[in-house]
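Peer 1: Read off the chains here:
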Amino acid sequence: MTSELANPQTLSALDRPNSYIGKAVPRPNLDRLMQGRGLYVSDIELPRMAYAVFLRSPHAHARIVGIETSAAKQMPGVIAVVSGRELSTVVTPWVGVLSHLKGLKSAPQSAIAVDRVCWQGEAVAAVVAASRAQAEDAAEHVSVKYEELHAVTDMRTALDPATPVIHASLGDNLAFERIHDAGAVDQAFAESDEVFEAEFVFGRHTGVTLEPRAVVADWSAAEAKLTIYQGTQAPHMVQNIAALHLGLKESQVRVVCKDVGGSFGIKVHIYADEMATYALSKLLRRPVKFVADRVESFNTDIHARDHRCRGKIGVKRDGTIMAFEIDDLTGIGPYSMYPRTSAIEANQVVNLVGGPYVTGNYRARARVVFQNKNVMCQYRAVGHPIACSVTEGLVDLAAMKIAMDPVEIRRRNLIADDAYPCASPSGLRFEQLSHHAALAKLVQMMDYDALRAEQAALRVKNIHRGIGIASFIEVTNPSAAFYGVGGAKISSQDGVAVRLDAQGSVICQTSITEQGQGSESLTAQIVGSVLGVSMDRVRVILGDTDNTPYGGGTWASRGAGIGGEAALQAAKVLRKNILDVAAVVLQSTPSELDIVNNAVVNVVDGAPRIDLSELARIVYFRPDTLPPGIQPELMATRHFVPRNYPFAFTNGVQASWLELDPDTGFVKLLKHWVVEDCGTIINPQLVDEQIRGGVVQGLGAALFEKCVYDERGQLTNANMADYLVPMSGEMPDIDVGHVVSPTLESELGAKGAGEAGTAGAAAAVTNAVNDALRPFGTIITEIPLTPQVILTALGRI
Amino acid sequence: MTATIAIALSVNGELVEANVLPRLNLADFLREHLKLTGTHVGCEHGVCGACTVRVNGDIVRSCLMLAVQTHKAAIETIEGVSDSGEIADLQSAFRERNALQCGFCTPGMLMAAQDLLKQSPCPDRERIREHLSGNYCRCTGYQAIVDAIESTAWARTGRRP
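Going down the list, the sequences are from chains L and X. The end of the first sequence is residue 797 by our numbering, with every number in the run present. The end of the second sequence is residue 161 by our numbering, with every number in the run present.
Chain X extracted, bound-state conformation (with noise of 0.2 Å):
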């Protein structure tokens, strides 16, 4: 049996120290040892995005990350960006639009969507389109997700429509 290796990182700001084999990923570790289970398993092999969180500033898939790779990294997932209220305003749009029906996809969905609007405060509705493409959502068809998003973007730049 492959021995356990020692990582400590912060996960939404807290320090966290663990001893994980080397072939966990970094979504399990997330959800069954951290109990962090609002970072969603979909596919398992990096397409559908459900499982995005940001590790040192970027989204990543976690599933395709190795826990061990993450030793000294900062990871923030949707329960933190959610307690520190940085996506307050995004989820309150989607609330407002109807924008997630079963839920599954939407806390991979609003990491991409904050990502997105930090990097790009005003996106047409092509290139919130364009950026949400590696999140794939089966309930809403996409529209009310891409509204809440655009209305966001007016909101934070004080721009209207």
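The following block holds chain L by itself, in its conformation from the complex (with noise of 0.2 Å):
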């Protein structure tokens, strides 16, 4: 649609005729959705089934007095009711803390509360049943006694010698704390034009999956196996942390992970729930289910942002930006998630401040506290958007402080094109960006120097429009060095295994994962292209660890890049493995032939010679007719990680258009761009699909999403209606551009494209809200912009 490549790069394994990399094939696979005949975890049911329940606590922090079970025990249909006591015995409790994240700290967390509920929404009890209906009827029937415990609930206030300590074991209530100082940051300050400060505040939100969490663990007591049928990003990981804190080898337990309703990082992590399904599944020998009904959706899906950062620029009267300084406070709730831990955000935080720009003086303080509120961990761009907010943020109020443009401002300090490979101040490693050609692509596509014409005409006849820019980085294709070096067992290496099945065809086995983005597509076009064979005849099975090569998965935009670079590579060998024993069978040498369109041809004329069908023929059924000591191997396998670069970091920049009414505080968007820069582009519509999607999601953060929370703990927004999320109705068609600056980490040269959207859209709108603000001399630096927000700014209400 709008998207153009400004620099096509071209690749040597995959430049060949009827390639389909860059190419906007649609999906496969897509009828199965669009007919009402996928399967989802919430479809499946087995044989000797029931239902699982959660009786959850009403209090944000109670002590658990005791339990009454025998009148729900009683009631029709139920199977077992289960406390955090009875199921300690079969599930063991975890901590969520990482080796490399120093200092940080967390307490055991059980599947099912024992003595103590720490958030509102913890469970104190299952009830198992032969349906749902009777599992919720029975549990109404729990009787549960507690005394009230103070419920820590401000931030602010967590670290004060007077604010009790949640977890007494831990001493207070900080779970993690980073402190960073480079280059010679009080020097630059004092040696700046001009120096702003400011409070920046984030709401906590969360990803509203549209198809909660779900879950079907199924132990065969026979087998002494466990099936786990899950929506997760991360099988492998699922399937390692199920064994260990059930007692049972990773070979005892599968992982089945078929089709995903929606993600974004909310399905990425252990919840105590869905554990607790898995040791209800081995505590009664039977498949039981558990699916999480939308206010338990809310109150127990991770939560994400909710920090308060402080920060500071410093810029000379020429626009050079002096330094940055920030001090980041984020509450996390009263266990920090297991096993990516919690300090993640705020880590990522530190790192991505500034990033985009020359300076290296920058100083940073972040700490994490503990809360009694539902437990918050990595939600799609980890960090970027409260990074991008903040360093964008300041750079705008820095260029209104010196009267100067904010393309120009960005235009002066952007680390130059050819300035790589080079190091952000916080000690990141970027190997290839493309800031400037991102910028000037974003001002042509806009057409900025008209919008500003037509903002000023407007500004005339009252009405207020803005304009927000914001360049940002993004963390894609994590190497080891995200988790696995601070001791997770989540893999950051990739698995492809590719055969040639007896007809021709090829199956693939991923172990990456698909939850919308095009996971399948990329693979088959990847291997389709590679092999000369057509996308209809390649099959990708993923989801599954007894049926996928070992790996991580899907997140963190590591899908194509990773695991789009293990397909190419096993690809590759296949396609050598069929040439060499294609060059036998035809009297041939394997360097005259290449396959094109499902046939073995000649590389001069390009004649066909034998059709891959009938090479298969030959291999499957009549190897006899091979001369001797030839073995064919039809099916190869090959693993990938990043080594040079911790991350692959990706850039672009982003816009928004938008009107704002002084009277009610509404805000109108009328108009989204984005430029980005994720190397490769293996399917251009998919690149722009995941791009479109993440502004929107953070454009919810922006404008609508904010989980409510009163001092006592109480989420009370809790349900769809009164917590909002962007409909269709007021979001604005969003253009896509592109630069391409392939990683040379990999072959392929994709990096990441999952979080861009999400990394910039709140900071773009932000920034266009404080533009159309300017005649009325306020700016608000708080998110979501919600009409009482602004009104508040404008003085109104």
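Wrong hints could be hidden among the right ones.
[Unchecked claim] If you anchor each label on the Cβ, the simulated ranges turn out as follows: (1) A450/L x P161/X: 35 to 41 Å; (2) S120/X x N644/L: 52 to 58 Å; (3) Q119/X x N644/L: 53 to 59 Å; (4) R156/X x Y550/L: 47 to 53 Å; (5) A130/L x Q119/X: 41 to 47 Å; (6) H71/X x S88/L: 46 to 52 Å; (7) E177/L x A88/X: 36 to 42 Å.
[Unchecked claim] Away from chain L, derived, C-beta distances all over 12 Å, residues of chain X: (8) I7; (9) T39; (10) H71; (11) D115; (12) Q119.
Calculated directly from the structure, the hints in this document are not laboratory data. We put the CB at the ideal spot given by N, CA and C, even for glycine.
Two independent chains are provided; combine them into the complex using the hints.
Peer 2: Dropping the structure here:
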């Protein structure tokens, strides 16, 4: 549609006749989903399956005095009512820490609370019955006596000596602190012509996957094997952790992941109620299903953001940015989430602030504190929207101070496109970014000068429009530096097995997973292109620990860059093996042969020599006709993990054009632009749609989405009517453009694109709102930008 | 325990007779009793639109309707309108435009889109966005869905963009 490649790159191994690389081919197997014939976990039923519901704490913090279950056990259809203490005989507790996040601490968390509940929504008992309705009926007859404890809810006072400590064994409510100091920050501020400071406030929000979290756990006592059907982004991680805490070997656990109704980072964690469901299946020796209802989703799906970040920038009158300084505070609920921990977001904020810019002067502190609210952890674009909003907000406000155009101040400070490789002030290594090319393209796409003229003309008529720009960097293709080095058994490598079947079609098994991003499509595109096989002959198997190579899965924008490279390398080996045997059969040499359109052809004249189906027939059914000593291998497996760079950084820039109504505080989004650089683009349509979907999630955070807690730790808007998400009528059309700087870390050259949209959308909107507010002499550094926030800033309420 | 109530209705053109509890909603009846799992349950309180089906020709949220209210009614679900070919062109446009990612909202989205195109053959983008405002999609950002519906409307009415 609107996308175009600025400088398309060609790739030797992939630059072949009929290559699918760089083409907007439709994803395979969409009919299944469009005809209502998908298989989401919520659709799965097994023989003897029972349904679990969880009785959840109404208090944010309370001691469990007693649980009375006898009445519930007499209810129709009830199979069991299980408390946390009873379940603890089956599943062990866990602690969400990583050794490379120095000082990170947390307390043991149980599948079902034992003795004490630490947030409103923590499970205190499970009721298992023949139907979900019967289990819900019985749950009403479980009586729990609580003794309410003080709820720690305000992150700003969580560390005060007067505030009770949530976990006495930890000594205080500080989960993690990181301090970073680079360059000569004090001197840089002293030498600045203007220094600007502000506090940036980010609401707590959540992913709202349209399909709630769901799991079917099936313990076969006869086989001593647990099969877990779950919508997860990381099947092998779930396998490892389920085995670890249920006292099993990984070989006794199979994780199957069919269709997943949205994930966005929500479904990459280990949740207490899911662990409880695995344990209930083992305890009751039958399949047990748990599907969260929407209220449970709001109360127990991980929340994200909830930061208060003081930011400071120093700038010269010529626009030179002298230094950044931040002090970030975030509240993560009562436990650090398992196994990825809840310190990663704050850590990312420290990593990413100031990242697009030249200045080396950067000081940061981040503190992560416990609270009696729902757990918080990594959700799409972890830390990026915070870092981008703070950085880009400060840059715009500095520009305002020195009366410089927002585009111009960025031109003067973004790292030059020919300065790579280089490092950020927080020590991140950049291989190749393209901030200036991206900004130039954005300015052209949005016709910046015309838009400024339109804005000025409308302002005279009391119509208040704003333009907001936000440059960003994005962490993609994470190596073991993310989790593995900290001791978590979360694989950073992925594997792909490719085989030619007996009719000349291709079957790929990949360890990356599909939640709609297009993992299946990109794998088929790469394999089809390398092998010379049409995509309709390529079938991709994913989401099954028994039937795929070992690997990380799909998260942190890693599927295309890491899983895609493994697919490329596996297909290259299979291609060589096919040509080797074809040369024998055809009495030729491999170098004289190629594979095009499902047939082996002559390199010289393209003349077809033998169909792959015929070659496969000979190999599989008439190997007796091959010369002695020839053993064809029509299956190949390769794995890949980046080794040179801890992360493949991408970059981009977004712009928002909106209209603000100063009487109502409403913001109308008129248009949004994104230019991003994810390296080699395998399927431009899929990349564009990742960007658009990511932008809209960022726009939700910017304008609507917030988990509203009261001072007692009660979530007051835990339903879809009160928690607002973007709807089609409020969203603008989004134009997407690309700059292409492939990573040299892999032959494919692809970096990730899943989080770029979310990374910068809120920053662009906030900057646009502040641009629209200029005539009113006020600025806002808080999201969501609700009418209440805007009218308050305008002094109208 | 409340007694079940006998109902008889047409589902995708087939006669269905069942005894259901009065509290059973239509979405659960379709999914759990008839195994028509294409009707999805996203919020169970009538906001997200994933459970949209047709009852006597009108689209409704099946989580907000009781199964007993559908006695003698004609229900059409995503499975029915797919098999009849009624929305084949719309589905094709969704495929070409990648107007779905996880696909969980898609059956409800297609039911709502077809409803719009029957009421209003040539809707502009604003009208399309307005009509879809009761159907949440968390993956796509909506633009591809609007594009697919717009192009289907053009094709059905023989117009060109």
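Peer 1: Does each hint fit the structure? Answer for all of them.
Peer 2: So, going through the hints one by one against the coordinates:
For the hinted restraint 35 to 41 Å between A450/L and P161/X, the CB-CB distance of approximately 24 Å leaves it violated. The supplied range of 52 to 58 Å is met by S120/X and N644/L, whose beta-carbon atoms lie about 56 Å from each other. Distance hint check for Q119/X and N644/L: the Cβ-Cβ separation is about 57 Å, which falls inside the suggested range of 53 to 59 Å. With their beta carbons about 49 Å apart, R156/X and Y550/L fall inside the hinted range of 47 to 53 Å.
A hinted range of 41 to 47 Å for the beta carbons of A130/L and Q119/X is consistent with their spacing of about 43 Å. A hinted range of 46 to 52 Å holds for the C-beta pair H71/X and S88/L, which are about 48 Å apart. Checked against the given bound of 36 to 42 Å, the beta carbons of E177/L and A88/X, roughly 59 Å apart, lie outside it. For I7/X, the condition that its CB be more than 12 Å from all CB atoms of chain L holds, with the nearest at approximately 17 Å.
In this structure T39/X is not separated from chain L by more than 12 Å, as the shortest Cβ-Cβ distance comes to only about 7 Å. The Cβ of H71/X lies farther than 12 Å from every Cβ of chain L, with a closest approach of about 21 Å, so its non-interface assignment holds. For D115/X, the non-interface assignment is confirmed: its Cβ lies about 14 Å from the closest Cβ of chain L, beyond the 12 Å cut-off. Non-interface call for Q119/X relative to chain L: holds, since the shortest CB-CB distance, roughly 17 Å, exceeds 12 Å.
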